[in-house]
Structure formats: structure tokens, C-alpha cells
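For the sequence shown, counting from 1, position 417 maps to 417 in the UniProt record's numbering; every step adds exactly one.
It is worth saying that the hints were derived from the structure and are not from the lab. Beta carbons are placed, not taken as given, at the ideal position from N, Cα and C, and that holds for glycine. A couple of the hints might just be wrong.
Result set (EDC-like, lysine to aspartate or glutamate): computed pairs, CA atoms no more than 20 angstroms apart in a straight line [as the list claims (entries may be wrong)]:
| no. | residue 1 | residue 2 |
| --- | --- | --- |
| 1 | Lys945 | Glu967 |
| 2 | Lys564 | Asp532 |
| 3 | Lys36 | Asp926 |
| 4 | Lys564 | Asp542 |
| 5 | Lys800 | Glu190 |
| 6 | Lys564 | Glu729 |
Label-pair restraints from in silico Cβ distances [to be verified]:
| no. | residue 1 | residue 2 | range |
| --- | --- | --- | --- |
| 7 | Ala418 | Ala539 | 32 to 38 angstroms |
| 8 | Asp914 | Asp74 | 28 to 34 angstroms |
| 9 | Gly927 | Asp75 | 20 to 26 angstroms |
| 10 | Ala600 | Ala422 | 42 to 48 angstroms |
| 11 | Ala422 | Leu602 | 46 to 52 angstroms |
| 12 | Asp75 | Ser458 | 16 to 22 angstroms |
| 13 | Leu462 | Ser442 | 40 to 46 angstroms |
| 14 | Ala699 | Asp645 | 28 to 34 angstroms |
| 15 | Arg467 | Thr844 | 48 to 54 angstroms |
| 16 | Ala600 | Thr621 | 28 to 34 angstroms |
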Amino acid sequence: MRITSLRLAGFGPYLEEQSVDFERFADDGIFLITGKTGAGKSSILDAICFALYATVPRYDGSQQRLRSDHAGPDDASWVELEFTVSDIAYRVRRSPSWEKPGRATPVAATAELFRKNGKTWEGIAARPVDVGHEIHQIVQLSKDQFLQVILLAQNRFQQFLRANNDERQSVLRTLFATDRFADIETAFTERRKALEATMSGDLELLQQLGRQFAELLSIEEGEGESWFDEGLAALETLHTEAVAAAERADAEHTALDAAQRLRSDTRALQLRRDTATARATELRQNTETIERDREGLGAARRASIVWQVVTTQRSADVAAAAARAAENTARTAWNAHGLTSEDLGETVRELDGQLGSLADARAEERTLPKLERAVDNAEDRVTARDDALTALQDSLEGLPARIDANAEALAVAQVQAAGEPAARATVERLETALEHARVAASLASNLEVARADENAASARHLAAATRHHGLLEQRLAGHAAELAGELVAGEPCAVCGSTSHPAPATPSGNPVTQEDIDAALEVVEEAKRQLDNAVALRAAVDISLAETIGRTDGRDAESITAEKLTAEEALAVIALATRHQQTLESFAATLRAEADRGAAQLDELRTDRESDLAALTVARTTRDAVAARVTEQRGDHPSVADRFDELRATRDAAAALEEAIAQATTRAETLTDATDALEVALAEQKFDSADAVEAARVADLGPLEARIRAHDEALATAESTLAELAHVEAEPIDLAAGESAAVAARAVRDDALATRSSLAERRTSATRIAEQARVRLVASAGRQADFDQLRELAQAVAGKEPNTRRMRLETYVLAAQLEEIVAAANSRLRAMTSGRFSLEHDDTVQYRNTSSGLGLAILDEHTGRARATHSLSGGETFLASLALALGLAEVVTNQSGGITLDTLFIDEGFGSLDNDTLEIAMSTLDGLRAGGRTIGLISHVDSMKEQILAKLRVSVDGRGRSIIETEGV
Numbered sequence: 001m002r003i004t005s006l007r008l009a010g011f012g013p014y015l016e017e018q019s020v021d022f023e024r025f026a027d028d029g030i031f032l033i034t035g036k037t038g039a040g041k042s043s044i045l046d047a048i049c050f051a052l053y054a055t056v057p058r059y060d061g062s063q064q065r066l067r068s069d070h071a072g073p074d075d076a077s078w079v080e081l082e083f084t085v086s087d088i089a090y091r092v093r094r095s096p097s098w099e100k101p102g103r104a105t106p107v108a109a110t111a112e113l114f115r116k117n118g119k120t121w122e123g124i125a126a127r128p129v130d131v132g133h134e135i136h137q138i139v140q141l142s143k144d145q146f147l148q149v150i151l152l153a154q155n156r157f158q159q160f161l162r163a164n165n166d167e168r169q170s171v172l173r174t175l176f177a178t179d180r181f182a183d184i185e186t187a188f189t190e191r192r193k194a195l196e197a198t199m200s201g202d203l204e205l206l207q208q209l210g211r212q213f214a215e216l217l218s219i220e221e222g223e224g225e226s227w228f229d230e231g232l233a234a235l236e237t238l239h240t241e242a243v244a245a246a247e248r249a250d251a252e253h254t255a256l257d258a259a260q261r262l263r264s265d266t267r268a269l270q271l272r273r274d275t276a277t278a279r280a281t282e283l284r285q286n287t288e289t290i291e292r293d294r295e296g297l298g299a300a301r302r303a304s305i306v307w308q309v310v311t312t313q314r315s316a317d318v319a320a321a322a323a324r325a326a327e328n329t330a331r332t333a334w335n336a337h338g339l340t341s342e343d344l345g346e347t348v349r350e351l352d353g354q355l356g357s358l359a360d361a362r363a364e365e366r367t368l369p370k371l372e373r374a375v376d377n378a379e380d381r382v383t384a385r386d387d388a389l390t391a392l393q394d395s396l397e398g399l400p401a402r403i404d405a406n407a408e409a410l411a412v413a414q415v416q417a418a419g420e421p422a423a424r425a426t427v428e429r430l431e432t433a434l435e436h437a438r439v440a441a442s443l444a445s446n447l448e449v450a451r452a453d454e455n456a457a458s459a460r461h462l463a464a465a466t467r468h469h470g471l472l473e474q475r476l477a478g479h480a481a482e483l484a485g486e487l488v489a490g491e492p493c494a495v496c497g498s499t500s501h502p503a504p505a506t507p508s509g510n511p512v513t514q515e516d517i518d519a520a521l522e523v524v525e526e527a528k529r530q531l532d533n534a535v536a537l538r539a540a541v542d543i544s545l546a547e548t549i550g551r552t553d554g555r556d557a558e559s560i561t562a563e564k565l566t567a568e569e570a571l572a573v574i575a576l577a578t579r580h581q582q583t584l585e586s587f588a589a590t591l592r593a594e595a596d597r598g599a600a601q602l603d604e605l606r607t608d609r610e611s612d613l614a615a616l617t618v619a620r621t622t623r624d625a626v627a628a629r630v631t632e633q634r635g636d637h638p639s640v641a642d643r644f645d646e647l648r649a650t651r652d653a654a655a656a657l658e659e660a661i662a663q664a665t666t667r668a669e670t671l672t673d674a675t676d677a678l679e680v681a682l683a684e685q686k687f688d689s690a691d692a693v694e695a696a697r698v699a700d701l702g703p704l705e706a707r708i709r710a711h712d713e714a715l716a717t718a719e720s721t722l723a724e725l726a727h728v729e730a731e732p733i734d735l736a737a738g739e740s741a742a743v744a745a746r747a748v749r750d751d752a753l754a755t756r757s758s759l760a761e762r763r764t765s766a767t768r769i770a771e772q773a774r775v776r777l778v779a780s781a782g783r784q785a786d787f788d789q790l791r792e793l794a795q796a797v798a799g800k801e802p803n804t805r806r807m808r809l810e811t812y813v814l815a816a817q818l819e820e821i822v823a824a825a826n827s828r829l830r831a832m833t834s835g836r837f838s839l840e841h842d843d844t845v846q847y848r849n850t851s852s853g854l855g856l857a858i859l860d861e862h863t864g865r866a867r868a869t870h871s872l873s874g875g876e877t878f879l880a881s882l883a884l885a886l887g888l889a890e891v892v893t894n895q896s897g898g899i900t901l902d903t904l905f906i907d908e909g910f911g912s913l914d915n916d917t918l919e920i921a922m923s924t925l926d927g928l929r930a931g932g933r934t935i936g937l938i939s940h941v942d943s944m945k946e947q948i949l950a951k952l953r954v955s956v957d958g959r960g961r962s963i964i965e966t967e968g969v
């Protein structure tokens, strides 16, 4: 995986868009991210992590803290990262969630992921959840793995070296996803508990089965398979005896019951014969009544044929009488109108003609009230239009004066508001000067500290130089004593050549060696370096202070604050005038709109008044014309409607009389025809009169026919039964004696069957209980063996007895991973420490309940002994941590499918190294560039700034906003 570019805006200290092209550092392989403390160097790494994983370790749980504090409500916050995996380029863009002023809910986070196809970018996902899923599939590293192998944040990789067993296990579990082994341990424990509960249930069930078995057999409780077998054997004997007794009782009952059934059958035949005899006698006694019913049925059937003709003649008679009465009534009504007519039809037609001519006049008469109201309404509308015109004209008279007065006030406000840009610029200039004045005060304090540090460094350097000079003088003064110390009797002196040494010089005080001189010189050089740094720092602060004071025009914060308050007051007055100008401009527009609306309303009212006058004229003309026509048609009547109603009543009386005469004639003819038909029907069916037909008629023949039929069928049935039972003996049979014997035998049989059934049920229940107990006994014996084995296995997996190393299963798996990490780390640590240090996996058992199995120790080849990692010095700790982090990255990479890591970031840690160790560390990192890897370092170490030319420099402008610049490439 290679990170190729980064763009961001509104993120952390960066407000404006910043762009970083990491491909520009590919040739160098190593680049330095530099800048002042707090400038935003680590925020670059935060942006990379946020783009990939939507979270940042320093702000986990709060995306809103990622948004720049410099951003305004309309400024966007986003990060865009481009990277390659397996030569495929991807681009991910994210924006965090943030609270927007005036909005009830936060602005939602967004995310987009693209894949490059040729020269175009194709969208892959557009929702944060989908982008996260796709990133995981592409990168194959979780966030924690990414932070351990690619982006090594401040102090993060040292924590793994110094962590205790539990802390290290937590990190490794996250990186290698071994929590499934903890689940296995839990599963073993749960299985053990479940099996233990099952065994407890087995024991309880066996006890319950024993109680049921003893109660069923009425014996004392026992246990064991033999106890159940003995009880079943005894019960089987009782059941066999009961079966034999039941068979004997059933046979005896069967014989007696068969004989009794035969006697009962014969007695039933005798009772049936007697019943048939009595029924036949009864039916023969009713023969005379049934014959009369037969004669009546024949007459009723003939009457039913004639009855319809009778009813028709009677209906025709009633209808003829009603028609004659209706004719008399209609004639009386016609005579009431005082008219005579030979032809009633012609009279009706003449009256219909007169009614037709009055219909239109009657309709117009009904509209007169509506026409009067229409005239009144039209007059009211004209009056209302006149009133509205007068009111509108009155309201518009004072409008021109109001427009002129507002224009004069607006001109004054515009003059006052024109000075706002200059006033605002003055306030902003004073705000900048005030900020510089405050910085100058802080720098002045820093300058005092820097001068004190410089004086102290100068004093230390002078003291070291003085001591070094004194040691040199002592060294020169002691040279004679050194030469005397080298003289050997009989050998020539190296100075004078004499073999006699009568008075050799003797040393005075403690001698000064070359090692003392060299050590003192190192102190002098270190003091000189510290002095140079102090001088440079004091000079830098001095320069910064002078530049800052220059930006304040030599004024202090107090005077600038006073001037700023005055300028702000003036700006507030001008701002008030500006708002007043805006109010007057708005009011002017309102007045103009009001004048335009008034003119339009006057035109509209005048037009509407003309339309209303025209409508009034039309309404009056229409009303007068209708009133004239109605007066003409009314004649002498109060109204046209009265005249119409009178004519219509006369016409209806004539029509009714005409209809009644025709109806009476028709009904008389129908009555004559019906009477002739009745006389013919009476003769055919042999009836003297219609009354005789009515007397013989029966409305419903069914009951009469059913009664005759039932008598005939009953008599035939009785006679047939008597013929069938003629062979049955006449003497009645006594059933009481045989029934008593059968009842007694049935009782004996029922008792025997009940006993047999009860014992069979008890045997079945006892057999079932015994079988359940036998199965439980066998299963319980097998479960005990399984339980003993499972308990021992669960204990071992949980790091308890018999596990002598007290190492859990997950720890055991992680220990193997840790050994692999240590092996990979040592290949670099030995090179960085010239073979002195190497890491060791410590899996020794710890005291009491302390977890073990994931310990780390440092083997020091100088002593040949292993010691704790926290005993390392700061520089040694950094080297060991770096080697361990690189080894961890190598193992995690291999575990993640062997992806290549072409980009690595390390944040701080180099300041704790001396020059030689720093060179070794840099050499190690330089070796990581093999294969095209690019390494980004964050550090304040000056020597690294000198060695690494390729840089990303993060600076802060005067308003606290950070800017990223690329140097050296």
C-alpha cells in the first residue's frame, strides 16, 4: 500500500485547502515533517487516518472536534486521500459531522470512494458505512493494525514495549483477532456447566422415578437396576393370575348372556304381535268415519275446479258496481263547474290550449320577486362603488408628502453610512496591532528567560574551559615526573642519555592523565554547544521581538486597546446609520408600491362602477317588461296562477267524467261474460249454485288426503305383522329369573376385568418407569466420564490446574505470534545496537494471580543476563521500540495477506538519541527504503533537519492558521 497524495480543508488547524504530493518524495525515500510545536504536524497523520477510517486516535468518539476552529458556518471541512494497492489507484474523500449554528441537527458526515480506471475516476461507494466496508476489503488492515504498522503516532509504539501482560494482550488481540479463542474458553466453561446441570437433573429424575415406582407397586423405595427388576417380576406374576381369572368370568357371563338374549328376543316378538292386534282392532272401528272423508274429498276436488270461475264472476260484479259509483261522483264534480257539453273530449282539448298559453306567464310571474331583488342589489353595488372611490381618493391625498419626507431622511443616512468601510478597516488594523502587542509581551518575557539561559550557559562554558586549561598546565608540569617514572637502572635516559640517574623527579599531588584531559575537553565542547544553542535561541527571540514591536508601531497593548475601543464605538454609530439607511430604503419602496397600488385601485374602481351602472339599467328593463306581460295575462283574477289553477280544475273534472263513463261501460260488459261462464261451469261439475261450490270447497286438501292415506297404511301394516308372527308361542315368557343370573355373572366378570386392566396399566407404567431409570443410569455413568474429562480440559484452557504455566488458550496463541514478532524485531535491534541488545519472549509464571505468557525482556550481551524493558535508557528504549514496531509491522503485514507497505510514518522519539545512536537509527530507517518505500518522520532534532533535505514544513500565519509547504524536492 502506497499513500500518494493528501488534500484537506477546514480540518484541525488548517482552514484553507492544503495539498501534499507524497510522490515527490519517492526519489529521496525519506522526508521530514517539521514545524513549531502545535503547528499541526501530527494533524497531517490525523487526516490520513480519518480519510481511511473516519476516526482519529486523539479524538476517538467525536468527529466534531476534527473541524477547524477557524472555520465559519459556510466553510467546508473535508479530507481527500489518494493511495494505491496492488497498482490500483483509489481516492477516498470524507467530511466529519459538525454542529452548524441555527440548525437543530448536526450536519451529517459524508464519504465517497473512487477507483481509477485509465484517466477517469469511477465511483465505488457513496455512504460512510459502505466506504468503510470497501476500505477494509481493499487495505486489509483495521484501524489499530494501520496505526501499528504504517502510522506510528507519538509514544504509541513505545507503549507496546513497556506494556504489562494484560495491556500487551489487548493490543495483540486487536491486531490478530484472537478473541475467538477467548470465546472457545467461554464455550468450554459453558459446556462444563451445562453438563453439570444435566448430571444434577439425572440424579433428581432418578430419585423421582424411584418414588413413582415404589408408590405404584406399594413397596418401600430402593435404588439400582436390580431393585426395579425385582419389582417388575412381582407385578408380572400378579398380572398373569388376574388375566386367567378374567377369562373364566368372561366365559361364564357369555353363556348366561346368550341364553337371556334368546328369551328376550322371543318376548319382544310376543309384545310386537300383541301391539299389532290392538292396532288392527282400533283401525277397523274407524272405517265408517274414513268413508265419509272419502266422499267429502271427491266433492272438494270438483269444487276446486269451479272455484276460480266463481271468484272471477264475483270480482267482475264488484268492479261494475264500483265503476257505476265512480261515474256518478265524476258527474256531480263536473256539474259543480256550471258547464254543459255534448262532447267532453273536445272540451278537454279546448281547456288544454288555454292552459298552455298561461304557463309562460305563470313562470314569469314567479320570477318577479327575484327581478326586484336584482334591481335592489345593482343599486346597492353602485352606491358601494361610489363610497369606495371617495375613501381611496381621500387616503391617497397625503402620500406624495410622505414620499418626499422619507427621501430627505434617506439622503442624510446615506452620507453617514458612507464611512463604514474605513471605520471597519481601522478596527481590523487595531485588532492586528493588539494581537502583535500581546505576542510582543510574551516574547519579552521569553527574552528574559533566554538571556538568563545564555548567561548560565556562558558561565558553565567558562568554568569548563578554565578547568581544562588548569588540567593542561598540571599535565605539562608533571611531564618530568612521568619521564622519571620510565627510567630503568643501567639504561640511558631518553632526554640526556646518561645511564646514571642520581636524582629522578617525583610527582607532586595527583597526576593528570590524558584521559582526564580528553574528558575535560568533552565537557568544554558540550558546554560550548549548549552556549551556541542558548545564543542562537536568545538571538531568535530578540529578532522576533523586534519584528513584532515593529508591527505595533511601538505602542503597548493598553494604548492600542483604548484606541480600538474608540474606533469600535465609532464603527457602531456608523453601523446604526447603515441599518437606518436600509430601513429608510425599504420604507421608500413600500411608499412607492403603495402609490402604484392606489392608482391601479382607482382605475379598477372606476371601471367596476361603469359595469355596475350598465347592470342596473339591464335589471330595471327586464323587470318592467316581465311585469307588463304578467298584468296582461292575469285578467280579472288576483294572479296568473289563480286563473291557471281555476282552468286546470275545470279541465280535470271534464277529463275525469269522460274516463268514468268509459270505465263503467267496460266493467258492465265484463260482468255479463263472467256470469255466462259460471252457469256453464256449475252445470259441468254438477253444482246447483255458487254457494254450493263454496260449501263443498276445502282450502287445503293435504290434511284430509293424509288422514285417509295414514289409516289405509296403518291397517295394512298391522295385518302384515300379524301374519308374520303367527308362529310365535302364545304363552308369555318370564325374563326376571334369567336376568338376575346374568347380572350376577356380569358383575363378577367386570370385577375381574377391572383387576386385570389395573394390573396391566400398573405393569405398563412400572415398565416405562424402570426403562427410563435404566436409560438414565447408563447415560449418567457415561456423562460422569465426559464431565471429568471436560472439567480438566476447561481448567487447562482457562490457565488453571493442571496447566502448570497458568497460560490461557488465547495467551498461548498470542505467545506464538509474539515470538514471531520478537524474531523479526531482533534482526534490526541487534544491527542498531551493534549486537548488544536483543528482545526475549518471557513466558515465566508470575506471582499470585498476575497474568503471564506475553512478557518481554531485554538480553544484554555485556552482562549475559536478561532484564526488564523499563530499565533501558531513553535512547535504548527508542531503538528497542522502533525495532519492535517494525517487527510487529512485518508480522501483521504477513498475517494480513502479505500486502506490501510502501509508506511509513513515524511521529517523534528521535530527540532522546545521542548522535551515534541517531546515526544507527537513521541507517536502519534508510535501509527500509529498499524496494521503493517512502518514510515520513516528524522530529525537532536539528541534525535530522540538516541530514534530510526533503521536507514538509508546517507554519502558522498571523491569525493562527496552519499552512503546509514542500521543500527540497
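Quick check: which numbered hints come out false for this structure? Checked against the structure, the hints that fail are numbers 2, 3, 4, 6, 7, 8, 9, 12, 13 and 14, while the rest are satisfied.
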